[in-house]
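Enquirer: Sequence:
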Amino acid sequence: MRFFSVEEANRLVPLLSNTFGRVRPWVERVQKLAEGLDALGSAPETRETHAWREERDALLERIRAELGPLQEMGLEIKGADGLVDFHARRGEEPVYLCWRFGEKSVTHWHDLQAGFSGRRPIDSPDDFEPTYLS
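If you count by this note's numbering, then the sequence shown holds residues 4 to 137, one letter each, in order.
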């Protein structure tokens with residue numbers, strides 16, 4: 004498992020902003036397609052519903068292709084609309100540094116079990132251990 008310093012996480016913010024800027028419209032479209040398909044329930048397949056399923060599946064594949072490299076870097080994608088956690092150490096305690104699309108930098112952290120609702124502001128980047136890449 005890779006751990007990130009606040010500095011390392013912040014260096015990735017431009018990449019995250021660009022990536023999620025591309026992906027977010029696809030995520031919104033997938034949600035609309037899924038809602039439309041759910042509304043149809045178990046109705047017989049039509050040409051239109053078949054096209055919706057194909058578009059949804061193609062968009063999901065594009066989203067996976069865009070987000071996969073981020074996961075390979077050690078980031079945890081918590082939401083395809085732009086919620087990302089970075090493994091970090093606050094003293095000896097493993098925690099997450101947390102970033103959400105639209106934020107200009109990584110300014111929050113939370114316990115591993117807390118999730119987004121447990122976010123706390125980063126008072127000092129020095130509270131988090133630097134890594135060998137810092």
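Errors might be hidden in some of the hints.
DSS-like mimics (lysine-lysine), calculated; alpha carbons at most 30 Å apart, straight line [claimed, not checked]: (1) K81 - K35; (2) K107 - K81; (3) K107 - K35.
Read the hints as simulated data drawn from the structure, not as lab findings.
Enquirer: Given the hinted pair K107 and K81, is their Cα-Cα distance within 30 Å?
Expert: Measuring from Cα to Cα gives roughly 18 Å; hence the hint holds.
Enquirer: Are the Cα positions of K107 and K35 separated by 30 Å at most?
Expert: Holds, at about 28 Å.
Enquirer: For the pair supplied as a hint, K81 and K35, confirm whether the alpha-carbon distance does not exceed 30 Å.
Expert: holds (20 Å)
Checked against the numbered hints given earlier, the structure satisfies every one of them.
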